[in-house]
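Note that the protein sequences, when read in sequence, are chains A and B.
Using the numbering used here, you'd call the opening residue of the first sequence number 68 and step up by one each time.
Using the numbering used here, you'd call the opening residue of the second sequence number 35 and step up by one each time.
In short, the hints are calculated from the structure, not lab data.
Hints may contain errors.
To be verified - With beta-carbon atoms standing in for the labels, derived distance ranges:
# : chain 1 : residue 1 : chain 2 : residue 2 : range
1 : A       : 209       : B       : 261       : 46 to 56 Å
2 : A       : 279       : B       : 141       : 17 to 27 Å
3 : A       : 279       : B       : 42        : 47 to 57 Å
4 : B       : 223       : A       : 213       : 29 to 39 Å
5 : A       : 298       : B       : 149       : 44 to 54 Å
6 : A       : 75        : B       : 166       : 16 to 26 Å
Said to hold, decoys possible - Derived DSBU-like pairs (lysine-lysine); straight-line CA-CA distance at most 30 Å:
#  : chain 1 : residue 1 : chain 2 : residue 2
7  : A       : 73        : B       : 420
8  : A       : 217       : B       : 107
9  : A       : 309       : B       : 107
10 : B       : 420       : B       : 335
11 : B       : 240       : B       : 42
12 : B       : 112       : B       : 149
13 : A       : 217       : B       : 104
14 : B       : 146       : B       : 104
15 : B       : 51        : A       : 216
16 : B       : 42        : B       : 335
17 : A       : 309       : B       : 335
18 : A       : 216       : B       : 107
19 : B       : 113       : A       : 289
20 : A       : 75        : B       : 146
21 : B       : 42        : A       : 289
22 : A       : 309       : B       : 361
23 : B       : 149       : A       : 75
24 : B       : 361       : B       : 335
25 : B       : 51        : A       : 217
26 : B       : 106       : A       : 217
27 : A       : 289       : B       : 107
28 : B       : 113       : A       : 309
29 : A       : 289       : B       : 106
30 : B       : 112       : A       : 216
31 : A       : 216       : B       : 335
32 : B       : 104       : A       : 216
33 : B       : 146       : A       : 309
34 : B       : 104       : A       : 289
35 : B       : 149       : A       : 289
36 : B       : 240       : A       : 309
37 : A       : 309       : B       : 106
38 : B       : 42        : B       : 112
39 : B       : 224       : A       : 289
40 : A       : 216       : B       : 224
All C-beta atoms, glycine included, are put in the ideal place defined by N, C-alpha and C.
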Amino acid sequence: METSQKRKSRQIILLIILFISIILVSLYSISVGSINISISDILKIISGQEVANNTYGPIILNIRLPRVLATIMGGACLAVSGLLLQIFFRNPIVEPYILGISSGASLFVGLVLLGGYTFGFSTITPMGLFVGSFAGAMAVMIAVVIAAKKVKSITTLLIIGMMAGFICNAITGILTAFADKEQLHSFVMWSMGSFSGFSWTQVQFLYIVGVPIIILAYVLSKPLNAMLFGENYAISMGLSMKTFRMVVILIASILTATITAFAGPISFVGLAVPHIVRITFGTSDNRILIPGVILAGALMTGVCDLCARMLMAPIELPLGVITALIGAPIVVYLLLRKTKGNEL
Amino acid sequence: MSQIITSKNLDVGYERKVVVEQVNISAGKGELICLLGPNGSGKTTILRTLTGLQPPVNGVVEINGVDISKIKKADLAKKMAIVLTEQVSLGLLTVFEIAAMGRYPHTNIMGKLSKTDEIIVEEALQLVGALHLKNRYYFELSDGEKQKVMIARALVQEPELIVLDEPTSHLDVKHKVEVISILRKLCLEKGISVILSLHDIDIAIKGCQKILLIEDGKVKAQGTPEEIIEEGTIQKLYNIEGAKYNELLGSLEFSSPVFPEVFITGGNGTGTGVYRAVSRAGYGMYCGVLHSNDIDLHVAKALSCDVIEERSFSQISLAQHEVAAAKMAKVHYVIDTGFPVGKNNQSNVDLIIEAVKMGKTVFSLTEQNDMDNRYGEWANSIHCCKNPAEILGFIPRKINRESYI
């Protein structure tokens, strides 16, 4: 039996390890690629100094750095929205992708991407993508929430989410049939999930939306903890269910929408990360879980993105492929060695 | 006395469908009130309505005179706490963290515990006897421990009223008793009112100050256990078949509806175990002669035995002796339970001797070295046994002689 002080210091050490790992992985990720750049050069470039080879500057500042920053924020958002949904639905195996929320977002992004050109827009703004993605995420989320109120079974809810996803994917499929070849390629690549080609505008947008929402999620720790006891207990302890429900739906939809809009649907980060953090941190207390999940989500996505770039270099794999390959076995493993404790 | 919670002409149910009508509950400070009724009688629905988890179909629930639907949830949480039957997946929270959640309505937006909060949590855990578990994970606890922790959590809310839905189901006897003792302590020492639903008739009658009997969508009766529990009340309430509930003993006995084949004496509690053993083996029996104030008599009656009864504190009359002898004559087996003999029941010893004379197979649970003293020259004709099981070993198996079904 661990005392609470001991447990707490272990958790803080874990958070620090995660933070340092993110920095190391990010630096490594920036340094490797078609051209390898030394860490000292990277630090110089970021701090604004001159380096010997003047092609390094643009590579780092325009390509690799925005990408790394995007993976960090993207991973954090995905993991936090996964955690929120798991608590909200009191179901250990939900996440945006499984519930079809990502698919809803994809559908609307598809509408914007493929339809946008058809309707004569020459460029698609980040805002346009986000609004589309958000509308789709919200629509599916609300549908699933309504369904969840009617059915109590965990499995049924999953199936409803999956079906919602199928429907969205089917409609997306119809859209792609009408799209011309060029748009199609970029849309297909996007739909497999990737952080490549992030522009600074997109990164800015990601942080402007993501940071406040993640902070808001952290502020919700206390009601989220109460929700672990179930709706009835939560109400009896003074939680106003209506407001809470609305806020959680909004947060989860916005987080999913932001990522999906720019990086495409990315599976399993939202599912695997909260589980891993719960077990390694040994707690369900969201005041500790949320920071843990933010960092671990960022780290996992960072590592996956690195793998996506490096494994088959110079060919880059879609990120969604890697997260699925790493995430799915982890989830199966967790479910199999299920101590009673890793439910939520 | 001012009432903490009152319900007036309350109809509870879902949508427009009334499950239980006209519920009028009121609980004063420190009262322990119990809803008793069969499964599906609507106990949970009443409790859910009383706690504001679902709206009443008709009528109002008031806490300290204020309509519960007009109280903000956060304020209500400081007056009332609940303990439900539903399973919670709190796997990786520690006992302390779970109990501390009870501070929810009292702490700031991040739920930070002050020193006072921590003391309140520890005191609550102490009171339910779970302080030693405080660093344990919830999933490591037994059902009984979990229930105690959930009660501690309710207590930490510092409510005036705690409502519990079947807090003792799934628990073993030790934990049942512990949970009810804790609740009684809350009422008596802390002045907290408690409303709960129970399955255990026994615990309800012995542990609660007020009982509401819920049956067929109505509150059948309410009052102190002594007021409302009469002979047959429980039997009817639960529609028990194949067993008899004895209100005086507060216990359930499985009736043996079969024809009497054994005659058994008794007295001073020596019969109770024997009657049950013989009944379990599937035999009907005559029991006598027993005094009205003897526990053996009540058990024998609850077992649906044919009982020959004598008035308390009087010598067994010749008339009753004859009745017993006549009944004894109809059976093959006679058992002496080894009852203590005095002036009032000497006649039962004579009865055993008569049985020997009639040629019956007679067993006695009297100590071997008392046999001569008790039966004199007849002692050798009586099988002296150590326990009912040994006796049953001599009697041919019931199951071979009668075809079941």
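Verification of the hints:
1. A:209 <-> B:261: 46 to 56 Å: holds, 54 Å
2. A:279 <-> B:141: 17 to 27 Å: holds, 24 Å
3. A:279 <-> B:42: 47 to 57 Å: holds, 48 Å
4. B:223 <-> A:213: 29 to 39 Å: violated, 47 Å
5. A:298 <-> B:149: 44 to 54 Å: Violated: the Cβ-Cβ distance is about 31 Å, outside 44 to 54 Å.
6. A:75 <-> B:166: 16 to 26 Å: Holds, at about 20 Å.
7. A:73 <-> B:420: Outside the cut-off at roughly 60 Å; violated.
8. A:217 <-> B:107: holds, 24 Å
9. A:309 <-> B:107: It holds: about 11 Å lies between the C-alpha atoms, which stays within 30 Å.
10. B:420 <-> B:335: holds, 25 Å
11. B:240 <-> B:42: The given pair, whose Cα atoms are some 27 Å apart, holds under the 30 Å limit.
12. B:112 <-> B:149: holds, 19 Å
13. A:217 <-> B:104: holds, 27 Å
14. B:146 <-> B:104: Given that 30 Å is the threshold and the Cα spacing comes to 28 Å, the pair holds.
15. B:51 <-> A:216: holds, 20 Å
16. B:42 <-> B:335: violated, 41 Å
17. A:309 <-> B:335: violated, 58 Å
18. A:216 <-> B:107: Between residue 216 (chain A) and residue 107 (chain B) the Cα gap is close to 21 Å, so the pair holds against 30 Å.
19. B:113 <-> A:289: holds, 20 Å
20. A:75 <-> B:146: holds, 15 Å
21. B:42 <-> A:289: violated, 36 Å
22. A:309 <-> B:361: violated, 73 Å
23. B:149 <-> A:75: holds, 18 Å
24. B:361 <-> B:335: Holds, because 16 Å separates the two Cα atoms, which is no more than 30 Å.
25. B:51 <-> A:217: holds, 18 Å
26. B:106 <-> A:217: holds, 26 Å
27. A:289 <-> B:107: holds, 15 Å
28. B:113 <-> A:309: Satisfied, since the Cα-Cα distance of roughly 21 Å is no more than 30 Å.
29. A:289 <-> B:106: holds, 18 Å
30. B:112 <-> A:216: holds, 28 Å
31. A:216 <-> B:335: It is violated: about 53 Å lies between the C-alpha atoms, which goes past 30 Å.
32. B:104 <-> A:216: Measuring from Cα to Cα gives roughly 25 Å; hence the hint holds.
33. B:146 <-> A:309: Satisfied, since the Cα-Cα distance of roughly 24 Å is no more than 30 Å.
34. B:104 <-> A:289: holds, 24 Å
35. B:149 <-> A:289: Measuring from Cα to Cα gives roughly 18 Å; hence the hint holds.
36. B:240 <-> A:309: violated, 42 Å
37. A:309 <-> B:106: With a Cα-Cα distance of about 13 Å, the restraint between residue 309 (chain A) and residue 106 (chain B) holds, given a limit of 30 Å.
38. B:42 <-> B:112: At roughly 23 Å apart (the allowed maximum being 30 Å), residue 112 (chain B) and residue 42 (chain B) satisfy the hint.
39. B:224 <-> A:289: Holds: residue 224 (chain B) and residue 289 (chain A) sit about 28 Å apart, inside 30 Å.
40. A:216 <-> B:224: Answer violated: residue 216 (chain A) to residue 224 (chain B) is near 39 Å, above 30 Å.
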